[in-house]
Amino acid sequence: MHEVSIARAIVSAVVDAVGDQAVESVEVAVGALSGVAPVALEFVWDVTTSGTTLDGAALVVDRVPTTVFCRRCDRVVAPDLGFVCPTCGEISTDVRSGRELDVRRARLREPAVPRP
Amino acid sequence: MTSVGGPRIVELRRGVLEKNDRVAAALRERFRASGVRASNWVSSPGSGKTALLERLMARAAQRGVSAAALVADCATDNDARRLAATGAPVRQIVTGSLCHLEAEMVAAHVDAMESAGTLLADLDLLLLENVGNLVCPSSYDLGEQVRVVLLSVTEGEDKPLKYPQTFASSDVVVLTKGDLAGAVDFDERAVRHAVATVAPGRPVVATSARTGAGVDVLLDALLGGQT
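Sequence lines, in order, name chains A and B. Per this note's numbering, residue 1 is the first one in the first sequence, and the count goes up by one each step. Per this note's numbering, residue 1001 is the first one in the second sequence, and the count goes up by one each step.
A few of these clues could be false.
[As the list claims (entries may be wrong)] For lysine to any residue, the following SDA-like pairs were computed, each having C-alpha atoms within a straight-line distance of at most 25 Å: (1) B:Lys-1019 to A:Asp-20; (2) B:Lys-1162 to B:Glu-1188; (3) B:Lys-1019 to A:Val-39; (4) B:Lys-1019 to A:Asp-16; (5) B:Lys-1162 to A:Thr-93; (6) B:Lys-1019 to A:Val-64; (7) B:Lys-1019 to A:Ala-29; (8) B:Lys-1162 to A:Glu-42; (9) B:Lys-1019 to B:Ser-1034; (10) B:Lys-1162 to A:Cys-88.
If you're looking for bench data, these hints aren't it; they were derived computationally from the structure.
Build the full structure now, drawing on both the sequences and the hints.
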């Protein structure tokens, strides 16, 4: 349960970028391999942002599934288990998505004020 | 409604843990420049990290390998006191309620260790024993060159399948408590298959802190052998 630390890091990344401007929503990408549980992140979001300039801001989580490139099938596939191709059973190390843990964008309540 | 100022959408496109990753990258460079190999030990609580570290550090001393350890727990300095008995420099990191180590904590304790007279440049190995937790530590780069994930034979062969993100982020998988394998009908082939499924290509090192089995192999891997 390190999602409070993750939520604080998201707040800090947004504040770094927008200063004290009020934020309406924050969009993040959380990959299946990132070690972060979106449900837990959503659970701690309100209490973590309370008293910050992100107070009341919505958290929008884009859950990114694990995908790998299967050489035998010559295409990107989404494994059901680990890195095993669901079609042919080959194990791949060529991970194409799932490691994401990114702050994509913030939506402000008012038009942005250019920062000095 | 017309907008008079700038846009309302601010693109960030940055990693949530960018700050941690920056500190970790600086640590990794510092370790490289000092010629020390740092390893980050991750496992569930009770998997035998400290017992294996005791054995490993004692063996390192016999082989003339200079090792130091930073050990993290939510509370107590029990582990540091156990490891200090090997004669090696050891520091306890008490994380409080935090379930994992972050790069800044490691950087602060490395600074404190150097101030106390143990220089990175004099070490061959720096062992970072993470908080016992098989989920949260996997997100945090500590600047280590090798991430070790431990799995005791009493935990169940399918554990890699249950915690894929942690095993996938490892460089070496270490089986511990090998002396108990018979008592629990441990199936090493099944665990190797589970590792191959979620962490293909990672070496699996079977050890026992009680008998010392596998300790030299692990020591060689930490010192920069095939990992």
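Results for each hint:
1. B:Lys-1019 to A:Asp-20: 20 Å, holds
2. B:Lys-1162 to B:Glu-1188: Judged against 25 Å, a Cα distance of about 17 Å means the pair holds.
3. B:Lys-1019 to A:Val-39: Given pair B:Lys-1019, A:Val-39 holds - Cα atoms ~23 Å apart, limit 25 Å.
4. B:Lys-1019 to A:Asp-16: Roughly 11 Å separates the two Cα atoms, so the pair holds.
5. B:Lys-1162 to A:Thr-93: 18 Å, holds
6. B:Lys-1019 to A:Val-64: Roughly 22 Å separates the two Cα atoms, so the pair holds.
7. B:Lys-1019 to A:Ala-29: 17 Å, holds
8. B:Lys-1162 to A:Glu-42: With Cα atoms ~22 Å apart, B:Lys-1162 and A:Glu-42 stay inside 25 Å; holds.
9. B:Lys-1019 to B:Ser-1034: 23 Å, holds
10. B:Lys-1162 to A:Cys-88: Given that 25 Å is the threshold and the Cα spacing comes to 22 Å, the pair holds.
Comparing the model with each numbered hint stated earlier shows that all of them hold.
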